[in-house]
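Residue numbers (our numbering), protein chains in the order written: chain S, 1 to 247; chain F, 1001 to 1045.
Just so you know, these hints were derived from the structure itself, not from any lab. If you're wondering where the values come from, they're calculated on a predicted model, not measured in any experiment. Hints are not guaranteed to be accurate.
[Said to hold, decoys possible] Okay, the calculated beta carbon distance ranges per label pair:
#1 F:Ala1022 - S:Ala204: 40 to 50 Å
#2 S:Ile134 - F:Pro1019: 12 to 22 Å
#3 S:Val196 - F:Val1025: 37 to 47 Å
#4 F:Ala1033 - S:Thr8: 15 to 25 Å
#5 F:Thr1013 - S:Thr139: 18 to 28 Å
#6 F:Gln1014 - S:Val5: 24 to 34 Å
#7 S:Thr8 - F:Val1025: 32 to 42 Å
#8 F:Ala1033 - S:Leu54: 34 to 44 Å
[To be verified] Output of the computed footprint for chain S on chain F, the stretches with three or more beta carbons under 8 Å from beta carbons of chain S:
#9 1005–1011
#10 1023–1037
Even glycine gets a Cβ: it sits at the ideal position worked out from N, Cα and C.
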Amino acid sequence: MGEWVGVTIALVSSCLGGSAAAITRYLAGNTDPITLAILRWAIGFCCVLPATLLLRARWPQRRDWPAVAALGFCFFGVFFVLYNIAMSYTTAARASLALATLPLHTMVVGAILGIEPLTKRKSIGVFVAVLGVIAALATGLSAAPPGAWRGELIMTGAVLCMAFYNVWSRPFIQRSSALGFLTVGMGTGAAALVVVGTLTGSVAALNQFSTRNGSPAFISASPAVRSHSSCGCWRWNGHRRRAWPTP
Amino acid sequence: MTVNPVAAGLLATQLVGEPITANLVIGLVAVFAGIWIATSEIRKP
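Bound conformation, chain F alone (with noise of 0.2 Å):
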């Protein structure tokens, strides 16, 4: 899920002229971050 904002930020500058800015990167990191907290698991040793 979190490389369709990039696909469509990438095609959306080319097409239509949308820039990508700083901050989307940055949601984007912390929707990629918390995808990945809520799905993986602490190993215990």
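Bound-form chain S, shown alone (with noise of 0.2 Å):
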């Protein structure tokens, strides 16, 4: 695969993931955080697992299932609900640059566990990053809806949440596949969702979803957080298992 087409498809993939981001943002007004990851993660993974049985992609060992399955609940399970309370109480764009400093956050994560030191160079760029958004969520504030450090708070909680499954999802992914890892992951975290989901009254809220949400809007959003859910977890998993799981 050249490099134009590599770039293409990572430029492809932030795109829709920051069009997920403006119609979460959209959705998270009227829908609880559970329902909206239970919808994205239980299509996401009905979309996965045909392409990892057709593809035939080789499956995790089964001594690593626990650990995947526990990444997989950290990742699609604790960082979407985050994700999605946070995107309740700040704007898109907002949650999307606290988001931004994920390969940075990663970079700091993997120094802490002492699989890559964190050099001067590294640190200057962390600190130019975080200062430099710190200073533009703050000085924006005052224009900003109410409570919405709150949210960046939150979304901050998630990207520590990624960066450790970055780190720790690596060796993974090179034992087994991308898409084999993803799936698993995928699959129980849908599971996880659908459980907590189901004791908090979210699965019964996704009966009257359709109803509630059924504006021309909704129904073309959601490919969108579809194709990004799914294609965009396989492209970063991909990434990750080649490289650093920077940008």
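Make one complex out of these two single chains by using the hints.
Dropping the structure here:
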């Protein structure tokens, strides 16, 4: 695959990710975060599972399944519930700006876990980005929705969660395949969300979801969220198999 | 990753009427600069 093809795929994936953020923001006002996460990952799993079976992707080894399932729960469960909660407090652009620091958070987590040292140059990069984001969010707080700082704080917690996922998942992807790892993780996350959603009433809310959110915008938005959920995660995992999880 | 907030901001202006402010653009430039500094290496002669 040529470099430009790879760059184009990365750009399309990032655009889909940004679009999904705006759509999540649009839906967050009317929908609880667990319902939204169930919808996203249950549909995503139904798209990814047939692809894994048809392509005969390599599944994680049996001894890796508990760890892969735990990572899937952390990312597809915890991260996306935090993400959806954050989106209900702040604007899509402000939340996405906090999320954009993910590569730098991953570097810091990698250094904390002793996987790759944080060099002077990397430290300067992390400092510039974090300071810039804090300054940008703080100066624009007066024009942001009330309590937006809560959303950005929750998004920072979600980013840390994803940074740990990025670092810890790499050896499991290398021992199996990006698609096999993704399918087990997404399936576990979706199943856990359904269990939690059954207890909290979020699954019952799905029955009314199509009527409450049955606007043309939702109908057009759903494919974008689904395509990002499945293709974006596949691309992200595939990239991490080969390289350090920075941009 | 830095394309993500641009797409989010542009679609959010249309979908939920959220403005893209100058400080958000400055924050994005800072993230881009930070990632560039952290991932690029100084070439030794």
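message: I'd like to know which numbered hints this structure contradicts. Please list them from smallest to largest.
response: 7
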